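Chains as they are written, first to last, in UniProt numbering: chain A, 1 to 347; chain B, 1 to 344.
It is worth saying that the hints were derived from the structure and are not from the lab. Predicted, not measured: the structure shown is a model, and the values here were computed from it. Some clues are possibly wrong.
Label pairs and their computed distance ranges (CB to CB) [what the hints assert, rightly or not]:
#  : chain 1 : residue 1 : chain 2 : residue 2 : range
1  : B       : Ala159    : A       : Val210    : 20 to 30 Å
2  : A       : Gly259    : B       : Arg309    : 47 to 57 Å
3  : B       : Gln24     : A       : Thr276    : 35 to 45 Å
4  : B       : Pro142    : A       : Lys203    : 31 to 41 Å
5  : A       : Asn343    : B       : Ile310    : 18 to 28 Å
6  : B       : Ile182    : A       : Thr276    : 29 to 39 Å
7  : B       : Tyr332    : A       : Arg225    : 36 to 46 Å
8  : B       : Thr206    : A       : Asp146    : 49 to 59 Å
9  : A       : Ala257    : B       : Phe144    : 26 to 36 Å
10 : A       : Asp146    : B       : Ile182    : 29 to 39 Å
11 : B       : Arg163    : A       : Pro206    : 47 to 57 Å
12 : B       : Phe134    : A       : Pro206    : 48 to 58 Å
Far from chain B, by Cβ distances over 10 Å, these chain A residues were calculated [to be verified]:
#  : residue
13 : Trp86
14 : Asp88
15 : Ser102
16 : Thr122
17 : Asp130
18 : Leu145
19 : Glu159
20 : Gly174
21 : Ala257
22 : Gly281
23 : Gly337
By construction, the Cβ of each residue, glycine as well, lies at the ideal position given by its N, Cα and C atoms.
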Amino acid sequence: MVDISDVATPDRRGFVRTMTASMAAGLLGGFGINPAIAAEMAKETGRSEKPLKAAFSNAGLQATWCAQGKQAAEWWGKLFNVDVTWFDGELNATKQRSAIDSMASQKWDFVAIQAFGIGTLTAPVKKMIDAGVPVIDMDTLIAPLDSINVHSFLAPDNEFMGASVTQALVDAIGGKGVVTMTQGALGHTGAQGRARGFDSVVKKYPGIEVVDTTPGDWDVSKVSRLWETLLTKYPKIDAAYFHNDDMALAAYNVMKARGRTSILIGGCDAMPPALTAVADGRMHATVRNPSCRIHGGAILAGVAAVVSGEKTGDGQGMIPKNIITDGPVVTKANAPGMMWMENHYLI
Amino acid sequence: MSSPPADATIRNRTGPTMAWLRGQLRNIAPFATLLALAILFSVASPSFATFDNLANILQQVSVTGIIAVGLTFVILCAEIDLSVASLANATGIVLAFFTAQDASVNIANIPLPGVAAVVLAVLASLALGAVNAFGLTVIGIPSFIMTLAMLQIGAGICALLVRGQIAYNVPDFIATLGNGAIGPLPWIVVVAAVILLLGHVVLTYTRFGRYVYMVGGNREAAEYSGINVKLILAAVMLVSAVCSGIGGMLGVAHFGSAQQNEFDNYLLDSISAVVVGGTSLFGGQGGIGNTVVGLLVLGVLNNGLDHVRIDSFLKILIRGLILLLALIINVYAQRLRTREAAAG
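The following block holds chain A by itself, in its conformation from the complex:
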């Protein structure tokens, strides 16, 4: 662990200076600058000379959103001299619990976790927090924030994401028509928030008829089966909102096979395949769930906690307990720019 007494006093501006110099040092190192000079620069700016050890875990690397987050964390980790060790949640609550149990038996400077199952990781996470390790919660609650003392919770506003894409769809169909919502797993707080956002928009339009809200459980094969039924059952569907892009693209394949590509599709996450689909018109819109911003932000929050001693709170020089990391709605107009930012792990 880094001895905080050896580093600069906590101060937001100081931290930003530190980070900027650190990034420069890292980049210069990459360009062949003498490591001794880089170390001297690091010392000047209060950055730890030895690499920090961080443990990360997200829901499961099978999910493209999580895999992208891993790349982002590792990329930002290199910039800030953080050695990132990954504990894969394998999209399974009990497997992730075992991984976090193992994580908790080792020593880390800071830890960042996206829980697959809410409430399943509480015990080992509390153990790490009690040992003084800053734990950053990413995207999904590990446990209700008042029951666990995480350093900070970085997450998007799922309700906003659901509402903004639904609004884009409703605008495109002129405020009336037949609409569906294919949900994620009902127990997932993200899916619940996106559903609330969808409902908040459609209830304002009496001309909108919502004919189906069956959960697809994030499962693309299940969504394909579901949409084969929906297309048979409803000869007219004007717009379809999906709780993630993977499900939206799976349904598009079914629509294409049935010659029903006039249905406007809205997704969520704005992962690269969906950005391509938006750019070429297969999807009408998606909204960015900023994987890179969340995972990269966790690196920044962890480094600030360890190097600058940044504490949790609402005051000056502190990190808020809950940080909303929203991304924008993506349509044909801004899809290429979004792709560039994702390629550089900026959002």
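Once you've looked at the hints, dock chain B against the given chain A.
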């Protein structure tokens, strides 16, 4: 395959020690694998070989261990139970359903006193096990198909009761067993050890245990010996369901929540623990001792891979390859044994 006389020649040439080693390959190989893994991870990571981590490993294999006890009985009878994880999940959810939940939990549950909730959960697991037993022994549905259907039924019960929501509370007694500790020793490890020991005693020292081996070893011979084979098969399905139920209740307490699909990985884990340990998938050979070794192999493997710096994507492959190796040894040992028996 070589002929029996050739095998006999080989056996004479290599001596009785080698013959004994060949006979014990099924038991020795998993133990050697466990030892090799423990040494490998101890050398590779200083955080692996610690008392804290040993407790960690034991805790991590406890739920699998409880479920695997029942599964060992089933596999020893040359049958299979694919519903163990689903029954564990369903029982855990039944327990949470009959426990008072916080107002934020949006489930139409029926809160009852803790003892009643536990009794109902155990009865639920017994009832589901009884359906398995009925299908297998009375209707004559192969266990693979019958328990596959039960896997779906269990998942359906889970979905119906929690409707996508998550329940957090279980009775205090179960919460203590799942999450509490006596000094440094977690209660869940103690419970798993007691159930494993009980399973071992029943299989080794009781008439029922001997019947299980006989039914699995040679079903026709068992029938001709006057054993009520159907009764034994029904009994092992019930034992399996109750063990799954206990594992599910403690698992829900240990993980701190009851939700759909929570125990999905325990099906493969528990079958792997039994088979990797050396219990024959063809029945009649093995036992709880083998299951314990299999559990530890899996526990050390899963835990150890988290202690060494290795590509996350590679871990799953390595785990699969080691399990494949153990299975090959299992089948090879079975073949050697058959050959030895044929050679007289």
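For each hint, the structure was consulted:
Look at B:Ala159 against A:Val210: about 22 Å separates their beta carbons, and that is inside 20 to 30 Å. Taking 47 to 57 Å as the suggested C-beta distance range, the pair A:Gly259 and B:Arg309 conforms, at roughly 51 Å. The beta-carbon spacing between B:Gln24 and A:Thr276, approximately 59 Å, falls outside the hinted interval of 35 to 45 Å. At roughly 52 Å, the beta-carbon separation of B:Pro142 and A:Lys203 lies outside the given 31 to 41 Å, and the hint is violated.
Take A:Asn343 and B:Ile310: their Cβ atoms lie about 27 Å apart, and the range 18 to 28 Å holds. Checked against the hint of 29 to 39 Å, the pair B:Ile182 and A:Thr276 fails, with Cβ atoms roughly 57 Å apart. A beta carbon spacing of about 41 Å between B:Tyr332 and A:Arg225 agrees with the range 36 to 46 Å that was offered as a hint. In this structure the hint that B:Thr206 and A:Asp146 lie 49 to 59 Å apart at CB holds, the actual value being about 52 Å.
Take A:Ala257 and B:Phe144: their Cβ atoms lie about 34 Å apart, and the range 26 to 36 Å holds. The beta-carbon spacing between A:Asp146 and B:Ile182, approximately 30 Å, falls within the hinted interval of 29 to 39 Å. A hinted range of 47 to 57 Å is violated for the C-beta pair B:Arg163 and A:Pro206, which are about 29 Å apart. Remark: the range hint 48 to 58 Å for B:Phe134 to A:Pro206 is upheld by a beta-carbon distance near 54 Å.
Not every beta carbon of chain B lies more than 10 Å from that of A:Trp86, the smallest distance being close to 4 Å; the non-interface claim is violated. A beta-carbon of chain B comes within 10 Å of the beta-carbon of A:Asp88; the shortest separation is about 5 Å. Distance check for A:Ser102 against chain B: the nearest CB is about 4 Å away, which does not clear 10 Å, and the non-interface claim fails. Separation of A:Thr122 from chain B is inadequate, the least Cβ-Cβ distance of about 5 Å not exceeding the 10 Å criterion.
A:Asp130, annotated as away from the interface, keeps every beta carbon of chain B farther than 10 Å; the closest lies near 14 Å. With a closest Cβ-Cβ approach of about 13 Å to chain B, A:Leu145 is found to remain outside the 10 Å limit, as its non-interface label requires. Chain B leaves A:Glu159 outside its interface by the beta-carbon criterion, the shortest separation being 17 Å against a cut-off of 10 Å. At the 10 Å boundary, the C-beta of A:Gly174 stays outside the reach of chain B, the nearest C-beta of that chain being 33 Å off.
With a least CB separation of 28 Å from chain B, A:Ala257 remains clear of the 10 Å interface cut-off, as annotated. The beta carbon of A:Gly281 sits about 33 Å from the closest Cβ of chain B, which is more than 10 Å, so the claim that it is off the interface holds. In this structure A:Gly337 is separated from chain B by more than 10 Å, as the shortest Cβ-Cβ distance comes to about 30 Å.
Going through the hint list in order, the structure does not satisfy hints 3, 4, 6, 11, 13, 14, 15, 16.
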